[in-house]
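Chemist: In case you want the letters, here they are:
There are 2 protein chains.
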Amino acid sequence: MKLFSKETYQERRNKLKKSFSGGLLLFLGNEESSSNFKDNWYPFRQDSSFLYFFGLNLPGLVAVVDLDLDVEIIFGDELTTEELIWHGEKPKLRDLAVQVGISQTRPMKDIGNYLKNGKQREIHFLPPYRPENTQKLIHWLNISGPRIPAEASEELIKAVVALRSIKSDEEIAEISRAVNTSVNMHRKVMMQAKPGMKEYELLGMVTAEAVAAGGNPSFLPIITVDGQILHNHNYSNTLTEGKMLLGDFGAESDMHYAGDITRTIPVGKKFSVVQKEVYDLVYFAHVSAIQALKPGVRFLDIHLLACKKLAEGLRDMGLMKGDIDDAVHQGAHALFFQCGLGHMMGLDVHDMEDLGEEYVGYTPSLKKSDQFGLKSLRLGKELEQGHVLTVEPGLYFIPQLMDQWEANNVHKDYINYGKLANFRNFGGIRIEDDFLITRDGSSLLGDPLESSTQELESLRNR
Amino acid sequence: MKLFSKETYQERRNKLKKSFSGGLLLFLGNEESSSNFKDNWYPFRQDSSFLYFFGLNLPGLVAVVDLDLDVEIIFGDELTTEELIWHGEKPKLRDLAVQVGISQTRPMKDIGNYLKNGKQREIHFLPPYRPENTQKLIHWLNISGPRIPAEASEELIKAVVALRSIKSDEEIAEISRAVNTSVNMHRKVMMQAKPGMKEYELLGMVTAEAVAAGGNPSFLPIITVDGQILHNHNYSNTLTEGKMLLGDFGAESDMHYAGDITRTIPVGKKFSVVQKEVYDLVYFAHVSAIQALKPGVRFLDIHLLACKKLAEGLRDMGLMKGDIDDAVHQGAHALFFQCGLGHMMGLDVHDMEDLGEEYVGYTPSLKKSDQFGLKSLRLGKELEQGHVLTVEPGLYFIPQLMDQWEANNVHKDYINYGKLANFRNFGGIRIEDDFLITRDGSSLLGDPLESSTQELESLRNR
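Chains L and X supply the protein sequences, listed in that same order.
Per UniProt numbering, the very first residue in the first sequence carries number 1; after that it's consecutive.
Per UniProt numbering, the very first residue in the second sequence carries number 1; after that it's consecutive.
Calculated directly from the structure, the hints in this document are not laboratory data.
Careful: at least some of the hints might be erroneous.
[Said to hold, decoys possible] The calculated lysine-lysine pairs, modelled on DSS-like cross-linking and capped at a C-alpha distance of 25 Å, are: (1) X:136 <-> L:136; (2) L:136 <-> X:38; (3) X:136 <-> L:198; (4) X:158 <-> X:18; (5) X:92 <-> X:2; (6) X:92 <-> L:38; (7) X:92 <-> L:90; (8) X:381 <-> L:188.
Excised from the complex, chain L in its bound form (with noise of 0.2 Å):
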């Protein structure tokens, strides 16, 4: 188990203690989980915000921090002697835990009394996304399931999500790591992808280098060529020359960060003219982006400027028309970049996904859009030197979304229905990568990925 110093991990508890005067922050860590049976496993995932404030990366476990007592404890068992000898001798959790810099241990057991024995203090907890943990709540706090995530702890989310937003230099070092396991990921597919092949002996090999690197992917992979299909975890197709395949994955390095990058390369050795076209759009609208990355700058207005210069794109292109900013602005854009320009990236892919948007992507005065696509914007507020997100701009003709739209004259001001029989067979362009947020800008995390029409081809033609 790799872990940061155990003064980093008190300092992000002390960090946090500030935030409350008093009461119990409980954090649950996960449970190994079953696949087709009990003991069959899938590969064991900590928590995260566990991993962040407690490091230790074992199954079943439980930290308490009484603000009142001033302590700290971890709940866990140690191994029997039997379970010793199927899994080995391990280090003791006890010792465990003092590397993290917490000196008190103590049996599962007993947590439901200490729990009980804290009844008339108040118990902050994050909301539970696993079934499991949300029975445990239920069961030590005697909260009805219903009610357990009103019943989260908006303080403890909100303290959680200021410390978690900002990323350290040891962090970035190790995100940085994640993605570079990530551009070798994509370097893989770039130079082995060939007509003929199935979608999932890439999957084949891009889980490899992930594992290979000791971590696992972050996700799961998209590999895909059908790129507008955006959810797709289908690998059954085949390559074929002329389309192109779109490749959304990365790793999570063995400290559980995560790395995020997406491609679009041509099956065969070149792009077509109107795959360049696109493509090229797509990759002006990224480079813009990117530009626009700085500390006060409203992720929101990037992601408007994004769609922007997309729309002005299609425009010449003949496929949007009329006023462009009247377009973004009423969302006819979102006929073809339906999702939002990018996300918050750590220990989570879309980090800290599980404590709510409203907190890690928006404030209190600015809210989510429900405009479709906007409404897929899962970051919109201020952008703060130490923020780590990415940036992923896309054009995809879903066939399904153009025909309802043209049969309910949705924005037909702006779009050029006539237009887009052509490219009803498209597919889907996104071009992707991850970010920090600088003192006065950006930069790029891990090793430079080709990108541009020109760099893809001349590696696909090696």
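We have chain L already, so just place chain X on it with the hints.
Modeler: For chain X alone, kept in the frame of chain L given last:
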């Protein structure tokens, strides 16, 4: 989604129904499983009994066989228009259901009422192993959580076990495909493992091979230079000359049938003299057990036969002593062979482990022993034609266990504790292949994979 013919699923359900005179059979499919936030999913794994009877490899389905009304219904929701945009056009649930011989589908919201209306009748369900499915049963059937396991239907468990235990020809073909991918995974390691590598680099290769064949690993691979640690999911060791590498892993095919193979190879080009001696002994036990496989023989007796062969060899090496039949009867050999000789295999790598070992591996008249060693034998009962199982003897030198037994004088009449010192760092050896029980013996599933020391060394020296 790959399916068998409609008739296959209908026939399986018809056979199942014959065991019941009335009531409802309720089969819960699996949901997506979240890793570090709700929408970051592990690869979807359908419940195996659901796959067996209903074939549909999609999350969020429930099947009801209403024996009184003689109807079969799949409960589940069609994609909404918005989901269609994000996930792409998919076959309709009602059309998929027809492919497995079911004409009635209903929205999931209807299931609560359907089950409530059936409340006067008996509702049979299998024991859940995922917390979200436990929750559904609590909610729909108004049973308290702790009572759920006891309320699972023994009648249904027995009927399902009876059917799933006997593999059809088309299942055997699928299992063979999974085993062949497993063979390829092992060949990869045998050809590529080199001193200086990290175990997780090999994990990457092995995973890639399973994924690139359109499936997944059938369980978390064991790839370790510490083969004596039986449940080892740590991959951080470096391969060093002189050690052995134990690989226990297999593929799940795209239809979710499993393969499961173990080999132990030298990290260098050759086994040492003592490694070869121990290996040859495990190999001999393996061959002896395989020769004993046939219908009508209890797998418990084949396990004991293998134990005896191992114990005789250990006596010849000077590690055991005394009357070997007595030693095995007392369980003294379990110092070196702590686990079982094998298990059923099919849609699960430990087939039907969720349904209970007492039904899958034992009978009312043959209960599992609680002797150390025997209590880890998953399969004891009489073999039948059509069973598919693993044969996996091994010898494991576990320092903690040797110390514990020696300190307590356990089986001191049968163990030469004085001779064990040389084996403290030996590690462990296991050899495992997969077999079908035929009319008068057994047949190896999949292509033969190198397993003798000679074969392995010749492969390692290419």
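Chemist: Each hint needs a verdict: does it hold in this structure or not?
Modeler: The hints, checked one at a time:
1. For the given pair, residue 136 of chain X sits about 16 Å from residue 136 of chain L by alpha-carbon distance, which is consistent with the 25 Å threshold.
2. For a cut-off of 25 Å, the pair hint linking residue 136 of chain L to residue 38 of chain X stands: about 17 Å separates their Cα positions.
3. The straight-line distance between the Cα atoms of residue 136 of chain X and residue 198 of chain L is roughly 37 Å, outside the 25 Å bound, and the hint therefore fails.
4. Taken as a hint, the residue 158 of chain X and residue 18 of chain X pair is honoured in the structure, with Cα atoms around 13 Å apart against an allowance of 25 Å.
5. Straight-line distance between C-alpha atoms of residue 92 of chain X and residue 2 of chain X comes to about 15 Å, which keeps the hinted pair within the 25 Å bound.
6. The straight-line distance between the Cα atoms of residue 92 of chain X and residue 38 of chain L is roughly 31 Å, outside the 25 Å bound, and the hint therefore fails.
7. For the given pair, residue 92 of chain X sits about 50 Å from residue 90 of chain L by alpha-carbon distance, which is inconsistent with the 25 Å threshold.
8. Between residue 381 of chain X and residue 188 of chain L the alpha-carbon distance is near 49 Å, which puts this suggested pair outside the 25 Å criterion.
Checked against the numbered hints listed earlier, the structure breaks hints 3, 6, 7 and 8; every other hint is satisfied.
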